[in-house]
Structure formats: structure tokens, C-alpha cells
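Build the full structure now, drawing on both the sequences and the hints.
Residue numbers (the numbering used here), protein chains in the order written: chain B, 26 to 157; chain Y, 2 to 174.
Bear in mind the hints are in silico, worked out from the structure with no lab data behind them. Don't take every hint at face value.
As the list claims (entries may be wrong) - Think about it this way: if two alpha-carbon atoms lie no more than 27 Å apart in a straight line, the pair counts; the simulated DSSO-like pairs of lysine-lysine are:
1) Y:160 / Y:37
2) Y:99 / B:28
3) B:138 / Y:121
4) B:83 / Y:121
5) Y:160 / Y:74
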Amino acid sequence: MTKRMLDRLITTLLFAFLLVAAVPPAMAQTTTSGAFRNLSAIETTLLRGVTSKAEVRKQLGIPNGSGAARFATLGGDEREIWYYEDVEITGAHSGEQGMKMDMRQQILLVLFKGDVVDGYLWTSNSGALESK
Amino acid sequence: MISQRRALLLGALALIQGCATQSEMQAAAPAPSEGKLLAIRVEPCTDRTGTKSRDLAAEATRLIVERLQKNPKFEVRDDAAVTLNCEVTHYVEGSAIKRWLMPGWGSTVGQISVMVSSAKDHSVIAIIQGNVTVSAGGLYTIGAENYILGSAADDVVSKLSVWAANPAPAEKQ
Chain B
26 MTKRMLDRLI TTLLFAFLLV AAVPPAMAQT TTSGAFRNLS AIETTLLRGV
76 TSKAEVRKQL GIPNGSGAAR FATLGGDERE IWYYEDVEIT GAHSGEQGMK
126 MDMRQQILLV LFKGDVVDGY LWTSNSGALE SK
Chain Y
2 MISQRRALLL GALALIQGCA TQSEMQAAAP APSEGKLLAI RVEPCTDRTG
52 TKSRDLAAEA TRLIVERLQK NPKFEVRDDA AVTLNCEVTH YVEGSAIKRW
102 LMPGWGSTVG QISVMVSSAK DHSVIAIIQG NVTVSAGGLY TIGAENYILG
152 SAADDVVSKL SVWAANPAPA EKQ
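Below is the structure:
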């Protein structure tokens, strides 16, 4: 391979790199690990004794996990539990001391008695965590 | 001045291909052993990615049904005691040119989540997630976006197949 051919190859590669880099990325601005994102909709979505499993799945998606537990305070009857998690990078900024990333982590447990919602528990670090 | 070694390195880079499969399975109960074949009712899939350029929900439904029908362990039937719900939970078209220039850049990603539940009481029997990523490779990875969901569906059905063949406790899956 001659030097001229190599130069031409490198020029072509650089041109392709610049061309591709100029195109805005198709990826969304945020990165997430699950379908469950909107906590504000939970209170209107999950109604105790009313909302069915199919409705929960429609609203929040397929859970990340499931299981069952007996609660002494609920009479010792078994409740099916669906587990949802959402780990989301909500922003990234370059600062003086390197890259800063904003991350949000949310966990939701939905309890079912038979086919309907019997309660839920959730936690979120929204607005509280920042990593460098 | 460009050395010949650098040119060879560039050539080798163009030939590298990276395709990774990452899957998760959680089985709450062994597969029902009602007969030789496990009958499954497949509900239409849902697209959670918001992709407008393609009907990913219809594609995923077709792919899952096709894979199940080809597998000798399953029978797709509307009156089955087990229901399968599926969702396309992640899809990124990616770019073969970006992958060619820099591995990890322009990755093509496809992820399908599946929930198997009892048709009788809707209790969850198994949850499976199949994730396939093409993160590096030459220009011959062009079109990865066309087969990525099929690979994710293959992964999901192979996990289902193991579950159906070996009705072991959930901890052993």
C-alpha cells in the first residue's frame, strides 16, 4: 500500500468520522432501566381494591420482579408483590472537576390481594443525589 | 507519516464485531406439566420505546409467536392455561458507521421483556428479559437493527424452553 493510498484512506475515515459526528444522536437524552418512571401518576393509577393486575401492567409495564409475602398486620394472608425499579441518568454536565452526572433511582412495590391492588410502597431519590 | 502497522490496525478494527446478549430470568413456579407440550396464549406485545419509524409491537409479537411455534416444547393456543405478555422495553437503531469508527459508539440495542402468568388468577409464573447489543463491528454489521429484536426473541424463547423442560425450583434457574 503506497503512502498516497494510506493518506487517502485516513482522509476518508476522518471525513466519515466528522460526517457521522455532526449528525445528532438518535438516543434519548436520558438513560433508563425500566418502564416505570412517573411517580406522580401512582396515586391515581393504583387504587386499592379497584385496579387489576392487567391495568397495572398496562400502566407501569412488566415488573422487574415478583414474589409473595405474608404480613402479620394484614391478617397473615398472602399478598403477591410486583417489584419495579427505575434507574435513570437525567443529565450529564462537564464541569471544572470533571464530568457530573445526575441520577435518579426509584423503587416501587405493588401488593395484590387476588387480582386487585391492595397497596403499594415506593421510594425515590429524585433531586437528592448527584455523583461526580 | 502513517506506518503500515497503523494501517493494519485500522483494518483489524474494521473486522472486529461485538454482539452481546444479556438476559435475566426469574421463575416463581415450575412450568405446568399438563402434557408433552406447554400450551401458551400469546397476547399482543406493547412497545414502550415510543419508536415511530417501525411497528415494534407487531414485530415483537410475530417474532415471539414464530419462535414458540418452531420450538417443539411449545404450542401457541388461545385457550391455554398460561398467558405470555411481552413488551419491547429498549430499542436503539444505532449506526454501523459509528461502530466501525469507534467500538461502543452507535450501538444497536434490542430488549424484550416477557411475563408468563396464570390465565386463571393472573399470578406471575416467570419474568424474562432478553437484551441484545451490537456495540462494535465493521460495516458488515449494517442492518443489525433489522435482526436485533429477532435475537432478543430467540434469547427469551431459549430461556422459556429451559424453564419448560426443567420444572425445577426458582432458585435453581
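Results for each hint:
1. Y:160 / Y:37: holds (18 Å)
2. Y:99 / B:28: holds (26 Å)
3. B:138 / Y:121: Measuring from Cα to Cα gives roughly 15 Å; hence the hint holds.
4. B:83 / Y:121: holds (18 Å)
5. Y:160 / Y:74: Distance of about 12 Å is within 27 Å: holds.
Taken one by one, the earlier hints all hold for this structure without exception.
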